[in-house]
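Chemist: Based on the provided sequences and hints, a complete structural model is requested.
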Amino acid sequence: MNNETGAPARLTQPGRSSALRRCIAIGTDEFAHEYWGKRPLLTRARELDSGSRTAPEDLLSIAAVDELISRRGLRTPFARMAKQGTVLPAARFTRAGGSGASIADQLADDKVLAQLADGSTLVLQALHRTWPPLIEFGSELAAELGHPIQINSYITPPQNQGFAAHYDTHDVFVLQVSGRKRWIIHEPVLRNPLPEQTWEQRKDEVAARAKQAPTLDVVLEPGDVLYLPRGYLHAASALGELSIHLTVGIHTLNRYTLIRELLASAASDPALRDSLPMGVDLSDESVLAPLLADAARALAEIADRPDEARVAAVADRVGTELSRSTRPAPIAPLAQAAALATLTADTSVRLRPFLRVSVRASSGQVNLRMLDTRLSLPAEQEPALKLALSGAVFTPADLPELDPVAQVELVRRLLTHAVVVPADPGD
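In the working numbering, the protein residues as written are 111 to 537.
Rather than coming from a laboratory, the hints here were simulated on the basis of the structure. Check before you lean on any hint, since a few could be wrong.
Listed next, the in silico DSSO-like pairs over lysine-lysine satisfying Cα-Cα at most 27 Å (straight line) [said to hold, decoys possible]:
1. Lys-193 to Lys-313
2. Lys-313 to Lys-148
3. Lys-148 to Lys-321
4. Lys-193 to Lys-221
5. Lys-321 to Lys-193
Modeler: Set out below in structure tokens:
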């Protein structure tokens with residue numbers, strides 16, 4: 111996020127509870143330096159702060175799972191089922207929804223029941239987009255971590271294993287909701303794998319590592335949380351009762367991300383776009399070596415002291431990626447429309463929670479970008495924008511250096527583009 115207008119660098123909002131404190135009992139700094147991306151962390155429910163030791167059913171319960179299966183019209187890929195590591199064909203647990211809802215891949219509650227009774231695991235995917243408590247929890251956690259997240263739920267019948275030993279290419283928090291589940295963890299065969307470096311490419315190595323002594327063999331009970339960095343092998347099986355757990359996948363950005371975007375920004379350098387020599391075999395190592403060394407020197411010069419324009423370009427590309435992979439807090443479109451219709455100088459509004467706003471000033475304008483929306487405003491409105499993007503509750507009348515008509519008009523535009531939202535009475 112560009113900070114020229116004083117917009118906060120962090121997306122968390124004052125007064126909000128910490129989602130991360132529901133996942134760890136140690137200090138945030140200790141977690142960041144000792145565990146983040148390095149090693150697993152097991153947190154028992156009893157270890158969490160009293161303010162964070164709320165029932166896991168607050169996020170997802172058995173009744174909530176039943177509602178999602180039977181009453182929400184979920185479709186694939188928002189749900190899948192697997193048995194003993196094999197993903198089932200969708201036709202085994204879906205059907206058309208009937209008149210007016212004839213889409214063929216909606217969850218069929220009776221089919222899901224039959225597959226659960228047969229030992230299959232149900233996976234409800236992207237719950238950070240479909241279940242309100244997890245929408246709020248996921249948005250808060252993504253803002254605290256600074257990385258995109260996704261939330262899936264795994265519903266596993268007693269004495270069954272949904273997936274064989276494997277690793278993920280993203281970090282995870284595992285939150286046990288109901289029942290008990292045994293987790294067997296092994297050291298990585300590839301540390302910190304990138305998204306394209308999946309475990310299927312290393313099946314033999316994974317199988318061999320899974321036969322070795324585990325790093326961790328633990329039973330999670332309701333309220334317990336397990337953090338696993340990407341790459342750690344894991345296999346989980348339900349014990350004596352139905353198990354429900356949440357897996358919060360953290361899609362971390364990394365140095366490779368920055369190098370990739372730095373290389374993309376290098377496309378603006380004419381010298382780097384020059385053609386390589388003609389009439390030579392570019393697959394010959396003796397020919398390629400000096401050319402590669404020359405390219406490496408050019409890249410080193412770019413990376414050693416990136417100028418402001420290049421840093422801005424990389425920040426813009428990273429910001430675009432984050433905006434595409436994270437979502438701000440939901441808005442209420444009809445309430446927003448009503449606020450527009452009744453807007454006055456005394457209407458209280460605030461920045462939309464968790465909204466990523468990129469702000470650039472140029473050519474007498476202040477340009478805002480959020481999600482796939484662009485908004486250009488006159489440069490003289492920049493002081494007012496500082497207040498609007500600060501996260502504080504304000505009214506049009508509070509905006510500095512604008513006349514009353516311009517104050518209301520600016521807030522009208524910000525409401526129209528969902529940059530700000532009506533403030534709750536308790537804000």
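Chemist: Against each hint, give a clear statement of whether it holds in the structure.
Modeler: Tested hints:
Among the hinted pairs, Lys-193 with Lys-313 is consistent with the structure: their alpha-carbon atoms are about 18 Å apart, no more than 27 Å. Proposed proximity of Lys-313 and Lys-148 is supported: the alpha carbons are some 23 Å apart, at most 27 Å. With a C-alpha separation of about 22 Å, the suggested pair Lys-148 and Lys-321 falls inside the 27 Å cut-off, and the hint holds. Restraint check for Lys-193 and Lys-221: satisfied, since their Cα atoms lie roughly 14 Å apart, inside the 27 Å limit.
Among the hinted pairs, Lys-321 with Lys-193 is consistent with the structure: their alpha-carbon atoms are about 21 Å apart, no more than 27 Å.
The earlier numbered hints are all upheld by this structure, with none contradicted.
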